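2 protein chains.
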Amino acid sequence: MFKQLGLIGCGLIGGSFALALKQAGWVARVCGYSATKATMNLAKEMGVIDEICLDAPSAVRGSDLVLIAIPVQAIEDCLREIAPHIDTDCLVMDVGSTKANIADAAKAFLGDKLSQFVPAHPIAGKELAGVSEASPTLFKDRPLILTPSEITNLDFIERANKVWTQLGSKVHKMSPTEHDAAFAAVSHLPHLIAFAYMNGLIKQRDHDQFLSVAGPGFRDFSRIAGSDPKVWRDIFLANRKNLKEQITHFKNELQAIEHFIDNEDSASIVECIKASQVARNEWIINQ
Amino acid sequence: MFKQLGLIGCGLIGGSFALALKQAGWVARVCGYSATKATMNLAKEMGVIDEICLDAPSAVRGSDLVLIAIPVQAIEDCLREIAPHIDTDCLVMDVGSTKANIADAAKAFLGDKLSQFVPAHPIAGKELAGVSEASPTLFKDRPLILTPSEITNLDFIERANKVWTQLGSKVHKMSPTEHDAAFAAVSHLPHLIAFAYMNGLIKQRDHDQFLSVAGPGFRDFSRIAGSDPKVWRDIFLANRKNLKEQITHFKNELQAIEHFIDNEDSASIVECIKASQVARNEWIINQ
Numbered sequence: 006m007f008k009q010l011g012l013i014g015c016g017l018i019g020g021s022f023a024l025a026l027k028q029a030g031w032v033a034r035v036c037g038y039s040a041t042k043a044t045m046n047l048a049k050e051m052g053v054i055d056e057i058c059l060d061a062p063s064a065v066r067g068s069d070l071v072l073i074a075i076p077v078q079a080i081e082d083c084l085r086e087i088a089p090h091i092d093t094d095c096l097v098m099d100v101g102s103t104k105a106n107i108a109d110a111a112k113a114f115l116g117d118k119l120s121q122f123v124p125a126h127p128i129a130g131k132e133l134a135g136v137s138e139a140s141p142t143l144f145k146d147r148p149l150i151l152t153p154s155e156i157t158n159l160d161f162i163e164r165a166n167k168v169w170t171q172l173g174s175k176v177h178k179m180s181p182t183e184h185d186a187a188f189a190a191v192s193h194l195p196h197l198i199a200f201a202y203m204n205g206l207i208k209q210r211d212h213d214q215f216l217s218v219a220g221p222g223f224r225d226f227s228r229i230a231g232s233d234p235k236v237w238r239d240i241f242l243a244n245r246k247n248l249k250e251q252i253t254h255f256k257n258e259l260q261a262i263e264h265f266i267d268n269e270d271s272a273s274i275v276e277c278i279k280a281s282q283v284a285r286n287e288w289i290i291n292q
Numbered sequence: 006m007f008k009q010l011g012l013i014g015c016g017l018i019g020g021s022f023a024l025a026l027k028q029a030g031w032v033a034r035v036c037g038y039s040a041t042k043a044t045m046n047l048a049k050e051m052g053v054i055d056e057i058c059l060d061a062p063s064a065v066r067g068s069d070l071v072l073i074a075i076p077v078q079a080i081e082d083c084l085r086e087i088a089p090h091i092d093t094d095c096l097v098m099d100v101g102s103t104k105a106n107i108a109d110a111a112k113a114f115l116g117d118k119l120s121q122f123v124p125a126h127p128i129a130g131k132e133l134a135g136v137s138e139a140s141p142t143l144f145k146d147r148p149l150i151l152t153p154s155e156i157t158n159l160d161f162i163e164r165a166n167k168v169w170t171q172l173g174s175k176v177h178k179m180s181p182t183e184h185d186a187a188f189a190a191v192s193h194l195p196h197l198i199a200f201a202y203m204n205g206l207i208k209q210r211d212h213d214q215f216l217s218v219a220g221p222g223f224r225d226f227s228r229i230a231g232s233d234p235k236v237w238r239d240i241f242l243a244n245r246k247n248l249k250e251q252i253t254h255f256k257n258e259l260q261a262i263e264h265f266i267d268n269e270d271s272a273s274i275v276e277c278i279k280a281s282q283v284a285r286n287e288w289i290i291n292q
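Just so you know, the sequences run in chain order A and B.
When we follow this note's numbering, the leftmost residue of the first sequence carries the number 6, and every step to the right adds one.
When we follow this note's numbering, the leftmost residue of the second sequence carries the number 6, and every step to the right adds one.
These aren't lab readings, by the way, just hints derived from the structure by calculation.
Please note: incorrect hints may appear among the correct ones.
Claimed, not checked - Over 10 Å on every C-beta distance to chain A, these chain B residues come out as not near it, computed from the model:
id: 1; residue: 40
id: 2; residue: 112
id: 3; residue: 118
id: 4; residue: 135
id: 5; residue: 177
id: 6; residue: 211
id: 7; residue: 215
id: 8; residue: 284
Said to hold, decoys possible - What follows is a set of in silico ranges between Cβ atoms, one per label pair, in the way DEER data are often shown:
id: 9; chain 1: A; residue 1: 182; chain 2: B; residue 2: 112; range: 55 to 63 Å
id: 10; chain 1: B; residue 1: 272; chain 2: A; residue 2: 112; range: 25 to 33 Å
id: 11; chain 1: B; residue 1: 270; chain 2: A; residue 2: 167; range: 54 to 62 Å
id: 12; chain 1: A; residue 1: 145; chain 2: B; residue 2: 271; range: 32 to 40 Å
id: 13; chain 1: A; residue 1: 291; chain 2: B; residue 2: 40; range: 40 to 48 Å
id: 14; chain 1: B; residue 1: 29; chain 2: A; residue 2: 31; range: 17 to 25 Å
As the list claims (entries may be wrong) - Short, incomplete list of chain A residues facing chain B, as computed with Cβ under 8 Å:
id: 15; residue: 130
id: 16; residue: 173
id: 17; residue: 177
id: 18; residue: 180
id: 19; residue: 187
id: 20; residue: 199
id: 21; residue: 202
id: 22; residue: 210
id: 23; residue: 216
id: 24; residue: 221
id: 25; residue: 232
id: 26; residue: 245
id: 27; residue: 280
Just so it is clear, the structure is predicted and the values come from calculations on it, not from any experiment.
Don't be surprised by glycine CBs; every beta carbon is placed ideally from N, CA and C.
Please put together the full structure from these sequences, using the hints given.
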């Protein structure tokens, strides 16, 4: 049970976290800061936050739990800004989608508060973002990755584990490096592909006619093509080394299938699709 | 109202068509043929078909409606085989995902029955295939493309239109050429990308760890990676000219984004994602 959550970023993820903690009776009061006034007003109207703060340090002061839920690139500045205001018993977490860059920033800026910082990454999303989409069940049955450093205090790691478990998340632990390699593969590359695909489509003269007959396959495949530009710019730049490696794996396979089609190599095409089918079906069964 | 549906291929699409027609009271009796005995037995147990036929011509004889719902490459042979057995008042439709090759086969094999053939393509799919997944509501609110030729009898086109409209489909008309160009863009390329992506992923040593943290974005993006190998081999080969063109559009955009990332060109990355986001959001609003 926490007496005060300082919420920095009152969007879909931050808002859902606050709602879920409140619903569980795990927090008495939420002080929220967001870059835009409209978001904070809406968050307050919705009961996501109890008090509007004028800057990030104001949300941190007096809090025993802080969640930083803003785009990846902004987290670095935020850590620098709030460091002097973190109470000695306050658990600080971010929810950024890349972790090595945040680990570096934390080391650079948090000083003796570094041991209280437990980076987290909840694997939860929705077609639409924003606090209006916030839901207390967003994290239920979803993976949640913690990437503590070697000097993170074990007691704080355990508190973080308990909070997310309480919200229904399945908690994994990884190093920041392992995390970024894994997410380049299963999240960042799919987003990059979806954006490239959609741009390739809409630049064609007949794209309206094409889109008029698109069906459920297109709908699901392209869902992530509707993701937020600044969030994903930050992720691509922060994790570009791993992302480049994943693009190479993908392009090699794309070239292989193209080659099979050019040569009407029916057996190799079937083999390739079969491998994909088996892997996808195994994955979905394990969910 | 039809007296007998001859169903060639009793899978997800064919089975759903038969169930929907029966539920609407539009067909008195369904005679079905499928390549495997187990499928036909299950289809009969489920009430999808009333009579098991030993070959395609047996399903066609005496029918006033025939639906060919088998993989694209097999449709050509099927048309040749059934042509002599089609009654003069029988409406014949296929549900293949490519249309130019089927138009060619129909011209070559159907003779004076060509005017009764109305190629159709229902844009409906499911995570899993097979007659066990058949549902009478599969076509409801889904696009359905008819690609009649210049010599198709208008009365038969109108009958086809009425049948699919009755099942809840939104009927479009296109030429086979327009159809194949559109579906290369909004369906065939996404499938090819999904297969390539999944192969690129599972060939990596750490793919189990990667997959263990995959979330809802991965789930939706990769759904079509679980599609049927033979169905998609046939589609890729039948529509390879259009598909190659779409691959080129996609690769150009992929290269552009890679270039922006290499150069840390933040503004161009945002612009590219923004274009994708706007297009995807416009599309989903129109659904």
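Verification of the hints:
1. 40: holds, 16 Å
2. 112: Non-interface label on residue 112 of chain B holds, nearest chain A Cβ at 22 Å vs cutoff 10 Å.
3. 118: Given that every Cβ of chain A is farther than 10 Å from that of residue 118 of chain B, nearest at about 27 Å, it holds.
4. 135: Consistent with the label, residue 135 of chain B stays out of reach of chain A, its closest Cβ about 13 Å off (over 10 Å).
5. 177: At roughly 6 Å from the nearest Cβ of chain A, residue 177 of chain B sits no farther out than 10 Å, so the non-interface label is violated.
6. 211: violated, 7 Å
7. 215: Check fails; 4 Å does not lie beyond 10 Å.
8. 284: violated, 5 Å
9. A:182 <-> B:112: 55 to 63 Å: holds, 60 Å
10. B:272 <-> A:112: 25 to 33 Å: holds, 30 Å
11. B:270 <-> A:167: 54 to 62 Å: violated, 42 Å
12. A:145 <-> B:271: 32 to 40 Å: holds, 35 Å
13. A:291 <-> B:40: 40 to 48 Å: For residue 291 of chain A and residue 40 of chain B the Cβ distance comes to about 31 Å; the hint is violated.
14. B:29 <-> A:31: 17 to 25 Å: Because 53 Å falls outside the window, the suggested range is violated.
15. 130: At 5 Å from the nearest chain B Cβ, residue 130 of chain A passes the 8 Å test, so the hint holds.
16. 173: At about 14 Å, which exceeds the 8 Å cut-off, the nearest Cβ of chain B leaves the hint on residue 173 of chain A violated.
17. 177: holds, 6 Å
18. 180: violated, 11 Å
19. 187: holds, 5 Å
20. 199: holds, 7 Å
21. 202: holds, 6 Å
22. 210: Constraint on residue 210 of chain A not satisfied, violated at 11 Å.
23. 216: holds, 5 Å
24. 221: Nearest chain B Cβ about 5 Å off; hint holds.
25. 232: This hint holds: residue 232 of chain A lies near chain B, its Cβ roughly 7 Å from the closest one there, short of 8 Å.
26. 245: Since chain B brings a Cβ to about 5 Å from residue 245 of chain A, closer than 8 Å, the hint holds.
27. 280: Nearest chain B Cβ about 6 Å off; hint holds.
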